[in-house]
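Now that you have both chains on their own, put them together as the hints suggest.
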Amino acid sequence: MAHPCVVTLDHTSRPRVLFSGDQLVEVDLPAGTRVVYPKPPMAGLRDPDAAIRYAVNHPLGAEPLYSKLRPGMSVTVAIDDLSMPLPQMRKPDVRQRMCEVLLDLFDDHGVTDIHWIIATAFHRPMTEAEVKRMVGDRVHGRFWPEKLYNHDAEKPGGLVLLGETASGMPVELNRRAAESDLLIYVNLTFVPMNGGHKSVGTGLAGYRTLKAHHNPNTIRATKSYMQPETSTLSKKMEEIGKFIDDKLDVFHIESTLNNRMFDSTLEFLGKNEDELTGTERAAMKALVKTLEWTPQPLRQAIFEKVPAPYEVTGVWAGECEEVHEQALKKVTQQLVVPIEGQADIAVFPVPYISPYNVGAYLNPLLLSVQIEGYLFNLHRGMPVVKKGGTVIALHPASDKFDRDQHAPYVEFFHELLPQTRDAMELHKKHEKRFSQNAGYIQMYRTGKGYHPVHPFYMWYWGENGRQHIGRVIIVGADNEYVPKVLGYETAKTMDEALRMARETAPEDPSITCMHMCPLVMAEVTPEPDSAEAK
Amino acid sequence: MGVAYFDVDGTLVGTNLLHPTWWFLSNQQSPLASARRVGRAFLRGPSMAMAEVKDRRLFNEMLYAQYKGMSQDRLATLAEEVFEEVVIPRMYAGSVDLVRKCKDAGQDVVFVTGSLDITMAPLARHLGADRVIANRLEMKHGVATGKLKRPVVAGPTKARLMSDDAREHGHDLAEAFAYSDSYSDVPMLSIVGHPYCVHPDRKLARLARAYSWPILDLRA
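Heads up: the sequence lines are chains W and F, in that order. Under the working numbering, the first residue of the first sequence carries the number 1, and numbering increases by one thereafter. Under the working numbering, the first residue of the second sequence carries the number 1, and numbering increases by one thereafter.
Check before you lean on any hint, since a few could be wrong.
[Claimed, not checked] Part of the chain F face toward chain W, derived, beta carbon under 8 Å: (1) 4; (2) 101; (3) 102; (4) 104; (5) 173; (6) 174; (7) 177; (8) 194; (9) 215; (10) 216.
Hints are computed from structural coordinates only; laboratory data are not their basis. Using N, Cα and C, we set each Cβ at its ideal position, and we do this for glycine too.
So here's chain F without its partners, still in its complex pose (with noise of 0.2 Å):
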C-alpha cells in the first residue's frame, strides 16, 4: 500500500511542456491560424527562456498564455492526438514496468506535472494512473482565456499538492514514493520518504549524490 507520485514531462516521457504545446499551435484550423500562433510563440520564446530560468511558475503561465482563443473541444480532439503522435512515440522503454511494479505493490499511481490536465488525460488512462493533478486551463464559454486555474502546478507548489492528496487520500508521506527527472522538483522529492531521481539533470544529480537518493534510468 502506498503512494507514489511521478512527475511526467522528462521522467516517463521524453517531452518537456513544449512539444505538445507546439503540437497544439501548429494544428489550428488553416494554416494561416497555425502560422500565426506559432509566429507568436516564437516572439516570445525569449522571454519565455528567462522565465524559465527564474521562475518555473511564470514560464508555465507565459507558455500557457499561447493557447487563448482555442476552443475545448478542439483541444480535447487535438489532445489524443497529442497522445498518439507526440507523447507515446517518447515514452521511455521503462516506464510502463516501472509504474505496474507500483500498481502490483499496492500503491496509488498519481501523476503530478506541469502539463496540462488534458494531455495528461490519455496517458493516464494508458498506464494506469489513479489521479493526475496537472495544470488546468480557465475556460469562458467553452474558449481558453491563456490563463491557468489556480493553483499553478511547478515548483513547491507540486509539493504543497502532494501534500493535500496524501491526507485526503489517508497515506504517509513518509512512507510515500516520488519520481523526478529536474532540479525544480526538489520539493516535491524532499517531501516523500522515497524519492528517486530519474536521468536527473547535472543539479539535481549532484544533490542526489549528496543525498544518496536513488537515481533511476528509464530509456534502456
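Next up, chain W with everything else stripped away, as it sits in the complex (with noise of 0.2 Å):
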C-alpha cells in the first residue's frame, strides 16, 4: 500500500499547483501520474534551548564540553552560513540558541578568547545584517566584527596546511580554527547532506582541500548527495574530516529542524490539491493570480521577507559521526517518504530559493543546480526518474544574474557553457584560470560575491543527474537561450512537454511528480516483480 503522501490521481483529480520559480502555476497532469507531497512537520521541540545545554552536559562519545574548558585557552566556534535552512527560519534561529548556550558556558568558564567564524568555505559571505540575525544581538555585539567573522579561503596566511589523509588529498584549514585549543562546530543539518564530517572540512577549508572532492569525478561517482554511505562525495569528506578530527580537539553539535516552511496561513501549498477545503481552494486561486499580476522584484522581496516557522526536532553533540548518525535519523524521519519504482518521467517543480541565492535571484546555471543536483538527488536507493528518462522542470529560465553575488557565474555561463557542457573540459582546461582571477577573488573576500571557482562546483554538482537523466524539458521559460545553453529543451504547457516526453518513453509512461515546496525526499525502492527487485 502507498503511503499516504503518495497520491495516483485519477480523471476526477483537480489540477496540481506548482512552484515556477516565485510563481504557482496550475498544472493538469494525466491520470495515473503519482504525485509525491512533503511529510507534514513533526513536533518540535517545546524548550530548544534546555535541548542544547542537555546535548552538551550529555555529550555521545565525548567528555561534557564544560569539563573541557579552562580559563586562558583559546576556542573558535565555527557556524554554518545562511545557505540553510531555505527560506531563513524566525528568530531566534537555531544557531542564535546554540551560540548563546555557548557563551553563558564560556563565561561561567572564564573562557575569553573567543573567535565564531561563519564556515562559508566559498559561498559568498555573510552581511552584518545577516551575521546578526543569525547569531543574536549577543553576539554580535560582543564580538563583531573582530572575533565575529567570515571564513576567508583566499585570506594570505589565513590557512594553514594540517597534512595529507591516507588517499593522499591534502587538508588545508582556517587557521585560526585549526590552532585553537577547542574547536566547536555549530551545525544546522537541513538535508541528509549537511553535517558530519562536511561540517569542518568543507566549512573552514581552503582550495587545496575543496578541489580534492568538488570534481567531475567525484560526483559523477556519487549516486546521491543525499545517501551519504553511498555517495563517494560523502566517503571523501569523511576521510578528511576524520583526518582533522585526530589532529584537533573538535566538538560538534548538530541541529536538525521539521519543514515547516509555511505559516498555517499558506500550509495548504503543501497538501493534496483534492484534499483542500473550500477556503484553502479560494486562497489557493488568490494565492496564483496575486503572483501573477505582481512585478518579479516584489515577489522575490515578498518571499524573501517572509520568514520560515521552522522548528527544532532536535540537538545532539560531541563526537562526530554519533551525533550525525542522530541527526540522519531525524531528517530522514521528517523528508523521506517512500515510493516503488522509478518514474519514465519526472516533473519537478523548481520553486525560487536555493543554498546559493539567498538574496537573489535564481540565475540559470543554479536552475541547472535546482533541476540536475539538488531535486535529482533528493533520493535514497534509486533515482526517482529512470536513466535515460525525462525530467519535465517548470520555471522561467530568465537570463538574469545578480552581479554582485554571481559575477564569476555570468563569465562561466556566457562565455564558457557554450563553447563545452563537457564538465571535464570545463574543469581542466578553465578552472585554474578563474581561481587564479583578483577581481573576483576580492569580490568574494571583501563584496558579496561567491568564490571564483564556484560557478564549476555548481556544474559539476549537476554531474551526476546530467549522465543519469536522458532529457530536460522547461515549460514555462520566458526565452529559448537560456535552456539551450544549458542542453535543454523548452515546451510552452505541461501538456506539450509531456506529449515530448512520451515520444522516447515507453508505451503508456509512468509519471512521478515531487510536490516541492515543503521539502521532500524519496526513498525508492524496486517495484515488486521488477528485475531489480529480484
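Here you go:
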C-alpha cells in the first residue's frame, strides 16, 4: 500500500498547483500520475534551549563540553552559514540559541579568547545584518567584527596545511580554527548531505582541500548526495573529517528542523489539492492570481522577507559520527517518503530558492543545479526517474544574474558553457584560470561574491544527474537561449512537454511529480516484480 | 600568465591628481614661494574645473603647467615625501592583496595613470608593479617647463598605450584585465576581456550594470 503522502491521480483529480520560480502555476497532470507530497511537519521541541544545554552536558562519545573549558584557552566556534535553512527561519535562529548557550558556558568557565567564524567555504560572505540575525544581538554585539567574521579561504596566511589524508588529499584549514585549543562546530542539518564530517572539512577549508572532492570525477561516482553511505563525495569528506578530528580537538553540535516552511495561512501549499477545504481552495486561487500580477522583484522580496516557522526537532553534541547518525535519522524521518519503482517521466517544480541565491535571483546556472543537482539527488535508493528518462521542470529560466553575488557565473554561463558543457573539459581547461582571477577573489573576500570557482562547482554538482537523465524539458521558459545553453528543450505547456516526453518514453509511461515545497525526499525501491527487485 | 592594467588614483589609492600637486606646490623652497604657487593655482581653479568636465587631457595639461620652474632634483625628493605623506595613508585596504593576487597568477602588473611618473615610481616599487605608463614632465636644463611630454596619458590615449604595451610584451588584450574607478577610463576598460570597475563613479556604475562588468570595493 502506498504511503499516505503518495497520491495517484485519476480523471476526477483537480489540477496540481506547483512552483515555477516565484510563481505558482496550475498544472493538469494525466490520470495515473503519482504525486509525492511532503510529510506533515514533525512536532518541534518544546524547549530547544534546554535541549541544547542537555546535549552539550550529555554528549555522545565525548566528555561534556564544560569539562573541556578552562581559563586562558583559545576556543573557535564555527557556524553553518545562511545557505540553510531555506527560506531563513524565524527568529531566534537555532544557531543563535546554540551560540548563546555556548557563550554562557564560556563566561561561566572564564574562557575569553573566543572567535566565531561563519563557515562559508567558497560561499559568499554573509553581511553584518545577516550575521546579526543569525547569531543574535548578544554574540554580534560582543564580537563583531574582530572576533565574529566570515571564513576567508583566500586570506594571505589565513590557512594552515594540517597534512595529507591516507589517500593523499591535502587538508588545509582556517588557521585560527586549526590553532585553537578547542574547535566547536555549530551545525544545522537540514538535508542529509549537511552536517557530519562535511562541516569542518568543507566549511573551514581552502581551495586545495575543496578541489580534492569538488570535481567531476567525484560527483560522477556519487549516486546520491542525500544517501551518505553510497556517496563518494561523503566518503571523501569523511576521510578528511576523520583526519581533522585526529589532529584537533573538535566538539560537534548538530541540530535538525522540521519542514514547516509555511505558516498556517499558507500550509495548503503542501497539501493534496483534492483535499483542500473550500476556504483553502479560494486562498490558493487568490495566491496564484496575486503572484501572477505582482512584478517579479516584488514577488522575490515578499518571499524573502517572510521567514519560515521551522521548529527545532533535535539537538545532539559530542563526537562527529555519533552525533551525525542521530541527526540523519531525524532528518530522514521528516523528509523521506517511500515510493515503489522509478518513473519514465519525472516532474520537478523548481522553486525560487536554493542554497546559493539567498538575496538574489535564481540564475540560469543555479536552475541547472536545482534540476540536475538538488532535485535529482533528493532520493535514497534509486533516482526517482529511470536512467535515460525525462525530467520536466517548471521555471521561467530567465537570463538574469545578480551581478554582485554571481559575477563569475555570468562569465561562466555566457562565455564557457556555449563552448562546452563537458564538466571535465571545463574543469581541466578553465577552472584554474578562474581560481586565479584577482578581481573575482576580491569580490569573494570583501564584497558579496561567491568564489570564482563556485560556478564550476555548481556545474559539477549536476554531473551525476546529467549522466543519468536523458532529457530535460523546461515548461514556462521566457526565452529559448538559456535552456539551449544548458542543453534543455522547452515546451509552452505541460501538455506539450508530456507529449514530447512520450516520444522517447515506453508506451503508457509512468509519471511521478515531486510536489515541492516544502521539502520532500523519495526513498525509491524497485517494484516487487521488477528485475532490480529480483 | 597575462597582464593586469590598473588605473591608480581612486582605484588603488584614494587620491586624485590634485593631492600630490598640492603637496608639490605647498612645499617649495620658501613659504613665500609656496604661497605664490598655491595662489596662482587657486586662480586657475575655475578654468581647470571646466577643463575637467570637457576633456581630461586638457585638464592634465593645465594642472601640470603649475610645475613650471620646479627643479628635477626637488621634484624627485618631494616625490618620495608625496608617497610617504600622501599616497600611503590613502592606499585602499584591498589594494596590496589585489595586486599580489595578480602577481601570484603570473600576470604582469602595469599602472596606467594620469599621475606623474616620478610620483608613481615609489608606489610601483611598493606594490611590485612591473611597468608604469604615466605622464612625464618635460625638462629643460633640469627644470620643468610646465608641459607634458607626448602622449598625454588620459582617456582614450590610455587604451592606445595599453594596446601598444600588450603588443610589445606579447599579451592578448582579450585575456587581459583592467581596473578603474572612473567613467573617463571606459576606453581602457573596453579594450580588455576582463574589465573591473573599482568603487565606480555613478556613470561608470550604470555602464557596469548594463555590460555586466564586475564591481569591486577595495575599501573594506
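Status of each hint after checking the structure:
1. 4: holds (7 Å)
2. 101: The hint holds - residue 101 of chain F has a Cβ within 8 Å of chain W, the shortest such distance being about 4 Å.
3. 102: holds (5 Å)
4. 104: Check passed: Cβ of residue 104 of chain F comes within 7 Å of chain W, closer than 8 Å.
5. 173: violated (16 Å)
6. 174: violated (11 Å)
7. 177: Because about 7 Å separates residue 177 of chain F from the closest Cβ in chain W, which is inside the 8 Å limit, the hint holds.
8. 194: Cβ of residue 194 of chain F sits 7 Å from chain W, so the hint holds.
9. 215: holds (7 Å)
10. 216: Holds: closest Cβ of chain W sits about 5 Å from residue 216 of chain F, inside 8 Å.
In this structure, the hints that do not hold are numbers 5 and 6, in rising order.
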